[in-house]
Amino acid sequence: MSYSRKVAKRSLTVSLAGLILASAALSGCSSNSKNTSSSSEPAGSGASAGASQTAGAIDHSKPITITVFDNAANYQGEQTGWYGKLVKDKFNITLNILAPQVAGDQLYKTRTAAGDLGDLLIIDNSQLEELIPAGLVMDMTDKLKNTKYLSQYVDKHFKPFNAAFDKVNPEGKIYGLPTFEADTSPTTFSEEIPYSSPIMPWDYYKGVGAPKLNNLQDLLNVLKQMQAKYPKTPDGKPIVPITLWKDWDGGTGAMENVRWLSNWYGYEKPDSTTTIQLNAKGDIVPIIDDNSMYKKILQFYFDANQMGLVDPDSPTQDWNKVAEKLTNKQVLLLWYSWQRGFYNSIERGRNGDGNVAVPIADSHIIQNSDAYYGNGRVFAIGAKAKNPDRIMEFMDWLNSPEGLRYYTNGFEGFNYEKTADGKYQLTEVGQTAFQKNTPVPDEYGGGGYQDGQSKINSMIMSDFVIDPDTGEFYNSNYWSATIEANKTALTTDWQKTYNAENATDYYLKNNMIDVVPNINTSLGSDSSDIKNKRSQISDYVKNTSWKMVFAKNQAEFDQLWTKMQKDVEGLGWKDVLAADTAKAEKIVKMRAEATAGK
Amino acid sequence: MSRNTAEAVHEPVHQSRVDKKSGFKLSATDKFISVLIYTLFSLFALICVYPFYSIIINTISANDISARGDVVFFPKHIHFQNYLDVFKIPGLGHAALISVGRTVIGTSLTVGASAFLGFMFSQEDMWGRRFWYRFTIITMFFNAGIIPWYLTMRSLHLTNNFLAYILPVIVAPFFIILVKTFVESTPKELQQAASIDGAGVMTIFFRVMLPICKPILATVAIFAAVDQWNSFQDTLLLVTDSQLYSLQFILYNYINQASSLSTMVNLQNAGSTAMASLSTKQTTTSIRMTVTIIVVAPILLVYPIFQRFFVKGIMIGAVKG
Chain G
5 MSYSRKVAKR
15 SLTVSLAGLI
25 LASAALSGCS
35 SNSKNTSSSS
45 EPAGSGASAG
55 ASQTAGAIDH
65 SKPITITVFD
75 NAANYQGEQT
85 GWYGKLVKDK
95 FNITLNILAP
105 QVAGDQLYKT
115 RTAAGDLGDL
125 LIIDNSQLEE
135 LIPAGLVMDM
145 TDKLKNTKYL
155 SQYVDKHFKP
165 FNAAFDKVNP
175 EGKIYGLPTF
185 EADTSPTTFS
195 EEIPYSSPIM
205 PWDYYKGVGA
215 PKLNNLQDLL
225 NVLKQMQAKY
235 PKTPDGKPIV
245 PITLWKDWDG
255 GTGAMENVRW
265 LSNWYGYEKP
275 DSTTTIQLNA
285 KGDIVPIIDD
295 NSMYKKILQF
305 YFDANQMGLV
315 DPDSPTQDWN
325 KVAEKLTNKQ
335 VLLLWYSWQR
345 GFYNSIERGR
355 NGDGNVAVPI
365 ADSHIIQNSD
375 AYYGNGRVFA
385 IGAKAKNPDR
395 IMEFMDWLNS
405 PEGLRYYTNG
415 FEGFNYEKTA
425 DGKYQLTEVG
435 QTAFQKNTPV
445 PDEYGGGGYQ
455 DGQSKINSMI
465 MSDFVIDPDT
475 GEFYNSNYWS
485 ATIEANKTAL
495 TTDWQKTYNA
505 ENATDYYLKN
515 NMIDVVPNIN
525 TSLGSDSSDI
535 KNKRSQISDY
545 VKNTSWKMVF
555 AKNQAEFDQL
565 WTKMQKDVEG
575 LGWKDVLAAD
585 TAKAEKIVKM
595 RAEATAGK
Chain B
92 MSRNTAEAVH
102 EPVHQSRVDK
112 KSGFKLSATD
122 KFISVLIYTL
132 FSLFALICVY
142 PFYSIIINTI
152 SANDISARGD
162 VVFFPKHIHF
172 QNYLDVFKIP
182 GLGHAALISV
192 GRTVIGTSLT
202 VGASAFLGFM
212 FSQEDMWGRR
222 FWYRFTIITM
232 FFNAGIIPWY
242 LTMRSLHLTN
252 NFLAYILPVI
262 VAPFFIILVK
272 TFVESTPKEL
282 QQAASIDGAG
292 VMTIFFRVML
302 PICKPILATV
312 AIFAAVDQWN
322 SFQDTLLLVT
332 DSQLYSLQFI
342 LYNYINQASS
352 LSTMVNLQNA
362 GSTAMASLST
372 KQTTTSIRMT
382 VTIIVVAPIL
392 LVYPIFQRFF
402 VKGIMIGAVK
412 G
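Protein sequence lines correspond, in order, to chains G and B. Quick note: the first sequence uses the working numbering, first residue 5, plus one each step. Quick note: the second sequence uses the working numbering, first residue 92, plus one each step.
In case anyone wonders, no lab produced these hints; they're calculated from the structure. Note that beta-carbon positions come from the ideal geometry of N, C-alpha and C, so glycine has one too. Each hint should be verified, as a subset may be incorrect.
[As the list claims (entries may be wrong)] Lysine-lysine pairs mimicking DSBU-like chemistry, simulated, CA-CA at most 35 Å apart:
#1 Lys440/G - Lys167/B
#2 Lys147/G - Lys593/G
#3 Lys167/B - Lys325/G
#4 Lys513/G - Lys388/G
#5 Lys537/G - Lys587/G
#6 Lys210/G - Lys299/G
#7 Lys535/G - Lys228/G
#8 Lys285/G - Lys216/G
#9 Lys113/G - Lys179/B
#10 Lys167/B - Lys241/G
#11 Lys179/B - Lys325/G
#12 Lys546/G - Lys500/G
#13 Lys147/G - Lys388/G
#14 Lys578/G - Lys535/G
#15 Lys440/G - Lys271/B
#16 Lys250/G - Lys593/G
#17 Lys546/G - Lys149/G
#18 Lys440/G - Lys427/G
#19 Lys388/G - Lys241/G
#20 Lys179/B - Lys66/G
#21 Lys388/G - Lys177/G
#22 Lys167/B - Lys236/G
#23 Lys113/G - Lys546/G
#24 Lys66/G - Lys171/G
#25 Lys271/B - Lys250/G
#26 Lys149/G - Lys160/G
#27 Lys228/G - Lys556/G
[What the hints assert, rightly or not] Residues of chain G clear of chain B, computed beta-carbon distances all greater than 10 Å:
#28 Leu102
#29 Ala168
#30 Ala424
#31 Asp467
[Stated by the list, open to error] Here are a few chain G residues that face chain B, going by a calculated C-beta distance under 7 Å:
#32 Gln80
#33 Gly81
#34 Thr116
#35 Ala117
#36 Glu406
Let the sequences and hints guide you as you build the complete structure.
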C-alpha cells in the first residue's frame with residue numbers, strides 16, 4: 005500500500021515537473037513577442053504626442069483598450085504586430101477584437117442581451133437594423149461634423165445608406181458607416197474583368213483557331229473542338245470542358261452555376277431572393293417563367309451534356325475538387341473573375357499560357373458597380389462605448405490617406421516606394437510580403453507582415469479611392485507601375501486581338517455590359533411562413549435543375565420543367581414570389597435614385 | 092502467514108492451467124476460433140489506432156500531397172514545418188499555462204468537492220439531505236439556456252476572470268452521483284467501525300472513505316480533466332481578455348485564421364509570381380490535423396497516470412463476516 009503510494013507520488017511529481025518544463029519551453033516561444041511589445045511602450049508615449057498635433061484637443065495620455073466586435077474578423081484577440089504598434093504609438097489605443105467568425109453566433113446574442121456589444125462594432129446591415137431600435141448603437145451625426153476625412157463622405161455615401169433604414173431611423177440620423185465603399189461613382193466599374201464572364205485558356209482557344217463566338221452554340225462547338233484536340237493535360241489528367249459543383253447551391257435557392265451564367269445575358273439574382281431574376285432595366289422575371297434566362301442557361305448546360313462536354317463528376321464533387329481541377333488547368337470554361345488565379349501566373353503568362361476573357365458577341369453582361377454604398381456591413385459605435393471621441397478619431401484616421409495606405413499597402417520604403425514620376429510602386433519585398441509573411445523591421449514592430457496586418461479586416465472607404473498624392477487608387481493592383489510589371493505576352497497578345505485595354509474596357513467599348521448601381525441595404529428578413537416555403541421550393545428547384553441538366557433527352561428536360569412549374573405552385577410559390585418581388589422593387593427603386601443622384 | 096496460504100492455493104491452479112496447455116492438442120475448431128478472434132481484435136485495434144496514425148502521418152507529409160488526400164498508409168516527403176509554425180503562434184505559451192492551470196486547479200477542486208459531497212449525501216444523518224441532494228441533481232436536468240447563463244455569469248463578475256473556468260464546474264452533479272453510489276456500495280461496517288472507535292464525520296471521510304474511494308475518484312479526475320482541457324465554450328463567451336485565452340481557443344483561432352489566409356493567398360496568386368514552396372505551404376488540411384495532434388497528445392498522457400488507480404478488489408477482505 006505505502007509502496008504503491010510512493011510510486012504514485014513519484015510519478016505525479018515527475019509528470020508535474022514535465023508539464024512545467026513543457027510550459028516553460030512553450031512560453032519561451034512567445035517571449036520574443038512579449039519583449040517587443042514592452043519595448044514599444046516608451047516609443048508609444050513619444051509618438052502619441054505627434055499624433056495629437058493633427059487631432060487637436062483629444063488627450064492621448066491615458067492608454068485605452070477598445071473592444072471591437074467585428075463580424076469581418078477571422079481572428080480573436082489583441083491586435084499585435086506592426087499594425088498593433090502603429091495604433092498604439094499614434095493613439096495609445098489597444099484593439100481587442102471579438103470575432104463571431106471564431107466565437108460563434110452566440111457571441112452576438114449573449115452580448116446584445118446583456119446590452120453591450122462592444123465599443124467599435126463592425127456588424128451586418130440586418131444587425132444594424134435590430135440594434136438601432138434597441139438603442140445599442142450611438143448616433144454619430146454630430147460627431148461626424150468634427151472629423152477631417154469622414155465628413156467628406158457624409159452626403160454622398162453615409163446619408164443615403166442610413167436613410168434607407170427608414171423604418172427604424174425615420175429622422176435619417178447616421179448610425180452606421182458602410183464598409184468598403186468605393187469613391188468612384190454609383191455606375192462605375194473599376195475592375196479589369198466583370199465578376200462573371202466567359203473565360204477560357206488562351207493557348208487552347210488559339211490552338212483551335214480562335215474562332216469568333218457569336219452565341220452560346222458557337223461556344224459549345226469551340227469547347228468540343230478544344231476537347232477533341234486537348235483531351236488530356238501534359239501530365240495525363242483528363243480535361244473536362246465544363247465542370248459544375250453542387251455545394252454552393254446552399255442558401256441561394258437555385259443552381260448557383262446557372263445563376264452566374266445568367267449574368268452574361270443581363271439577368272442577375274439579387275442576394276436573399278430565390279425565385280426571381282432582375283435585369284438592368286428593372287424587369288423582374290420569375291425563374292420558372294418559360295422565357296426566363298434561368299431556363300435558357302439550364303438548356304445550355306443540358307445541350308453541353310448531350311455533347312459530352314459536362315464533367316461526369318459534377319453531381320458528386322464539391323468545390324475543393326473543382327479548385328484542384330482549376331489548378332491543374334483541366335477546365336476549359338470558367339466564369340468567376342477570380343477563378344483565373346488558380347492557374348494564371350506571371351511566369352506562365354510570359355509563355356502566353358493562362359485563362360483570359362473570351363467575349364461572346366450576343367452576350368450583354370450585367371455587372372454591379374464598385375461598392376459605392378458599401379458591401380453589407382457597417383462600422384458603428386456601441387451605445388455604451390466609454391471613449392467615443394477617441395474611437396471617432398481613430399475611425400477618421402482609418403480614412404485618411406495615411407490610414408488607407410497603411411491598411412492596404414503597409415509601409416513606404418518597405419512595401420512600396422515613390423517612383424520618379426511621383427507615383428508608387430511595390431518594392432521587391434512588397435510584392436510578396438503578404439504571401440511570404442516577410443519579417444517586418446523591428447523599428448516597425450517586428451513579426452511577420454501578414455501576421456501583423458490589421459485584424460479588423462474591414463475598412464470604411466475601400467482601396468478604390470484615389471490617393472491625392474498620386475492620383476491613383478490605393479489598391480496596388482491598379483497602380484500603373486504594377487500594371488506595367490504584370491504585362492506579359494498573354495496580356496499584350498489579348499490586347500492586340502481584342503483592341504482593348506482589358507475585358508471590362510472591351511465590353512464597355514462594344515456596348516456589351518450594363519453597370520448597375522451596387523445597392524447596399526437591409527432587405528428585411530423573411531417571416532417564418534415564407535422561410536419554410538422558401539426552403540421547400542429551393543430544395544425542389546435545385547433538385548429538378550440538376551436533373552434537367554443531366555436529363556436523357558429533350559423530352560425529359562421539357563417534362564421535368566413543366567412538372568416543376570406546376571409543383572412549386574403547391575409549395576407556396578406565389579407568396580415567396582411576392583416577397584422577393586417586394587425586395588427586388590426596393591433594389592430597382594434605390595438604383596433609380598442612385599443613378600439620378602450621381 | 093495468510094500470504095503463504097494464498098500462494099499455496101494459487102500454485103496448483105496455475106499448474107493445472109499449464110498442464111492444460113501442454114497436455115491437450117488444440118483441435119482445428121479451436122485453432123480456427125483463435126485465429127478468428129485474433130484477426131477480429133487486431134482489426135478492431137486497427138480501427139481504433141488508425142485515425143490517430145493517419146492524422147500523424149498527414150501532419151508530417153508534404154502539405155500539397157496531404158491536401159489531395161494521397162497520404163494513406165505511409166508519410167510522404169517528411170517535414171516538420173507544420174509543428175514549427177504552430178509553436179510560433181504568439182501567446183501560445185501563456186495559453187498553455189492557462190489551460191494547464193485550469194485543468195490542474197479545476198480538476199483537483201472538482202474531485203475534492205465531488206468526493207466530499209458524494210460522501211455527505213450518503214450520510215443519512217446529514218441535515219436536509221434530501222433537499223440538498225435534489226437541489227444539486229436538478230441542475231442536471233434543467234438548464235436555463237445560454238443567454239440567462241451569460242447574464243448570470245456577468246452579474247457575478249465571472250467574465251474576464253480566471254475563476255470563470257473553475258467555479259462553475261466545482262459542483263458537478265454527475266460526478267457526485269458517481270461517488271455517492273460508490274460510497275453506498277462499500278460496506279457500512281467500515282464507517283460504523285470507525286465511529287465506534289470515536290471518529291467523527293470528517294475523520295471518517297478523510298481517514299476511511301477517501302482512500303477507499305480512490306478508483307472512483309480517479310475516474311472522476313479523468314473525466315474532469317478531459318472536460319477542463321477541452322472546454323472552449325466558456326472562453327468564447329465569457330472571456331475577451333486575451334491574457335485569459337486557453338490553448339484550445341488560441342489553436343481554434345489559429346485554424347480559423349490560417350485557413351482563411353491560405354484561401355486568400357491562393358486567390359492572390361492571380362497576379363503574382365510569389366509561390367512559397369507548395370510542399371510546406373499551409374493548407375486547411377495540414378493546419379487542422381496538426382492542431383488536432385497538439386490538442387489530443389497531452390490529454391492522452393493523463394490516462395496512464397491515473398490507470399494505476401483502477402484496481403479492483405482493494406476492499407476485498409476488509410470486513411470479516
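Against the structure, the hints come out as follows:
no., hint, in the structure
1, Lys440/G - Lys167/B, "holds, 24 Å"
2, Lys147/G - Lys593/G, "holds, 30 Å"
3, Lys167/B - Lys325/G, "holds, 21 Å"
4, Lys513/G - Lys388/G, "violated, 52 Å"
5, Lys537/G - Lys587/G, "holds, 17 Å"
6, Lys210/G - Lys299/G, "holds, 31 Å"
7, Lys535/G - Lys228/G, "violated, 42 Å"
8, Lys285/G - Lys216/G, "holds, 28 Å"
9, Lys113/G - Lys179/B, "holds, 33 Å"
10, Lys167/B - Lys241/G, "holds, 21 Å"
11, Lys179/B - Lys325/G, "holds, 31 Å"
12, Lys546/G - Lys500/G, "violated, 42 Å"
13, Lys147/G - Lys388/G, "holds, 15 Å"
14, Lys578/G - Lys535/G, "holds, 13 Å"
15, Lys440/G - Lys271/B, "violated, 58 Å"
16, Lys250/G - Lys593/G, "holds, 33 Å"
17, Lys546/G - Lys149/G, "violated, 50 Å"
18, Lys440/G - Lys427/G, "holds, 25 Å"
19, Lys388/G - Lys241/G, "violated, 59 Å"
20, Lys179/B - Lys66/G, "holds, 32 Å"
21, Lys388/G - Lys177/G, "holds, 18 Å"
22, Lys167/B - Lys236/G, "holds, 26 Å"
23, Lys113/G - Lys546/G, "holds, 32 Å"
24, Lys66/G - Lys171/G, "violated, 40 Å"
25, Lys271/B - Lys250/G, "violated, 54 Å"
26, Lys149/G - Lys160/G, "holds, 14 Å"
27, Lys228/G - Lys556/G, "holds, 19 Å"
28, Leu102, "violated, 6 Å"
29, Ala168, "holds, 30 Å"
30, Ala424, "holds, 23 Å"
31, Asp467, "holds, 14 Å"
32, Gln80, "holds, 5 Å"
33, Gly81, "holds, 4 Å"
34, Thr116, "violated, 9 Å"
35, Ala117, "holds, 5 Å"
36, Glu406, "violated, 24 Å"
Comparing the model with each earlier hint shows violations of hints 4, 7, 12, 15, 17, 19, 24, 25, 28, 34, 36; every other hint is respected.
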